[in-house]
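A.B. asks: Residues per chain are reported as follows:
Number of protein chains: 2
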Amino acid sequence: MPNKREVAIISAAATKCGEHWDKGIKDLAWEAGVKAVDEAGISGKDIEYLVVGNMSGGMFVGQEHIGALVADFLGLNPIPSLRVEAACASGGIAFSQGCLAVASGLYDIVAVGGVEKMTDVEPEQATSVLSGAMDFEWEAYFGATFPGLYALMAKRYMYEYNVKIETLANVAVKNHFHGSLNPLAHFRNRITVEEALISPMVADPLRKYDCSPVSDGAAVAILAPLEIAKKYTDTPIIVKASVPASDTLSLLKRRDICTIDATVYAANKAFQLAHMERKDIDAVEVHDCFTIAELLAIEDLGFCKKGEASKMVNEGQTYVGGKFPVNMDGGLKASGHPVGATGVKQIAELVKQLRGEAERGRQVNGAEVGLAHNVGGSGGTAVVTILSR
Amino acid sequence: MPNKREVAIISAAATKCGEHWDKGIKDLAWEAGVKAVDEAGISGKDIEYLVVGNMSGGMFVGQEHIGALVADFLGLNPIPSLRVEAACASGGIAFSQGCLAVASGLYDIVAVGGVEKMTDVEPEQATSVLSGAMDFEWEAYFGATFPGLYALMAKRYMYEYNVKIETLANVAVKNHFHGSLNPLAHFRNRITVEEALISPMVADPLRKYDCSPVSDGAAVAILAPLEIAKKYTDTPIIVKASVPASDTLSLLKRRDICTIDATVYAANKAFQLAHMERKDIDAVEVHDCFTIAELLAIEDLGFCKKGEASKMVNEGQTYVGGKFPVNMDGGLKASGHPVGATGVKQIAELVKQLRGEAERGRQVNGAEVGLAHNVGGSGGTAVVTILSR
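So the sequences go chain by chain: A and B.
Following the working numbering, the numbering of the first sequence begins with 1 at its first residue and continues without gaps.
Following the working numbering, the numbering of the second sequence begins with 390 at its first residue and continues without gaps.
Honestly, I wouldn't trust all of these hints.
Stated by the list, open to error - Within a straight-line C-alpha distance of at most 30 Å, the following computed BS3-like cross-link-like pairs (lysine-lysine) qualify: (1) B:Lys424 to B:Lys553; (2) B:Lys597 to A:Lys253; (3) B:Lys642 to A:Lys35; (4) B:Lys553 to B:Lys712; (5) A:Lys45 to B:Lys658.
Since the hints were derived computationally from the structure, they do not count as laboratory data.
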């Protein structure tokens, strides 16, 4: 962060993603919170500020006021607490807000959480709740769904850049492979290109294996000024930048539906603040709510030119062990997408990678700098965070 | 704020509160935003960060992702935007987050908005949406409503401190009187104690005139570091402190249901940060979602001992022109309670008061320091803000 106080992560932790029938939203937040606090070696009493990312507690479980709910359930009263929301980028936004709180000089130890309990509603209802992330009056009202919007993007992208459907399948196959090595992943099964290509159609050209699942889950990170973080850990992870950006909620108003301009803007700004270049990045977590989104992200983040991500994917460069590892945890596709938690879960994964603590087969060797990319809606919000060892 | 960067308000504005059948959530935000930007003498392009308080866009109008929505509709892309939520304290929390953004040194000109469009659902459904602010599993699930919870607090308070029902009515009469002088108020009719006492029972002892209305409305404040604010206005309003605090969401877990501990904690901390005492405050906006809440607020903020607010109210001290003016705009009761906007609307009112620009009859003469108090739920969140000329 470009200010006097450098922000660092002491610890970060996530629950397993999945269908947690035995856990409510409080239990999920508690589980991730206790893990993070334990790992940090702090006591709950040390926490001075709490930010919780949550997209739709109201519509999923009838519960708003989730900042205070989590503070209450974790025994953190009377510290300030709040929920922040930017659709599926709620977690990333929570993280950037936590960084602001530390950077402001008003708070030293700050907890950033993300939580979503999605499976208490029927699957069709989940799709309708998620439509709250698009422009209600101009998109949802007319029957648009997110698979439908991303399908439009995919169709156009495939046409513009002559990309074959197998490329999308390759993204899914790679992410399921990484997920198979991640004990916290929602899906741990490996799949083949053939399986992906014959899976049920959701919204042409997107099939089941192109879509991230509806998941329950939570993640928590503990932040502090670097100097204080060093007292708690020998391996503080430094926040070089955490930048949100906005764009139109509705796809119809975009300059180009194959580019998420909020990602472009946030990435450029983040690299500028971090004084880093694309080649400095060793490991990347991107927002692959649909397989097409992973391709767009790689390009919009500036790691290759428009239309060239398919080559990287088809050549296997995005596997751990490849030239440019993407979504080492299985991405949203396989590790799960508990919408409000996803952005913080990505941070927890990067912290693991930068500390060399990821499971065998999915650890990027010697990773020193990582980037997380979290998107809300079809690109109305994007958050880009750069972390370094 | 206790940091190197002193935060100030350049301008603040609110829409009229009421049933805005002809306006959607975007239109309300736009109206307040344009007023604030115009008053500030800035251009939209100068705004670097946007925080929007909104409680239940998802359940009221199917719309989440309201930070980006407002950024989009106000032409602010690609700046960072987010929605923050802490039930009915969402506006207050948004304001305190805006202050953090300025204080962090990362952003200079920050817009803080609050917006709620509540009247698109049936009144009974509004009550159910608002229940999202309580502990769903331990309160709402069992049929609790907010009038019911505050009625419990009122009953106990009247019993403990030997307070008569006329005191509650006096709060309503005073707030309707102030509201009658405020062109932006939802209700501009004056009422009598007799009218209040025979109005329909909602939840014993609370009657219709004890309850704030379901309102549509929005408010926006423009913040900057003091030195920059001075370039835009001769009367910057300085943010001496803006402090949120948390408590249990559910009333059943409270130490004492006649005290909102989050208010006590936030107020003590705010006065400490502001280096001020209670006697320094000239004008107060408190969170009177129900008349009982105004009595609790005066006491919990430390302006008198527990049980003594009724004397102040019954003696007429809380009128403009009295010793201790409270809710000069009519409070939530008469000026309206568009839940996510209320906290910012209070700030807009204080800015008006501290600049001596309130309407005749409701301007506190020579007001130099004001305090705003915003509560979420039955006290799970409280935000106390101290502003000075």
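A.B. asks: Now tell me if each hint is right for this structure.
C.D. replies: Here is how each hint holds up against the structure:
The suggested pairing of Lys424 (chain B) with Lys553 (chain B) is violated, with an alpha-carbon distance near 43 Å, which exceeds 30 Å. Under the criterion of a C-alpha separation no larger than 30 Å, the hint pairing Lys597 (chain B) with Lys253 (chain A) is inconsistent with the structure, at around 45 Å. About 25 Å separates the Cα atoms of Lys642 (chain B) and Lys35 (chain A), which keeps this hinted pair within 30 Å; it holds. For the hint linking Lys553 (chain B) to Lys712 (chain B), the alpha-carbon distance of about 22 Å falls within 30 Å, and the restraint holds.
At roughly 17 Å between alpha-carbon atoms, Lys45 (chain A) and Lys658 (chain B) fall within 30 Å of each other, so this suggested pair holds.
In this structure, the earlier hints numbered 1, 2 are contradicted, and the remaining ones agree with it.
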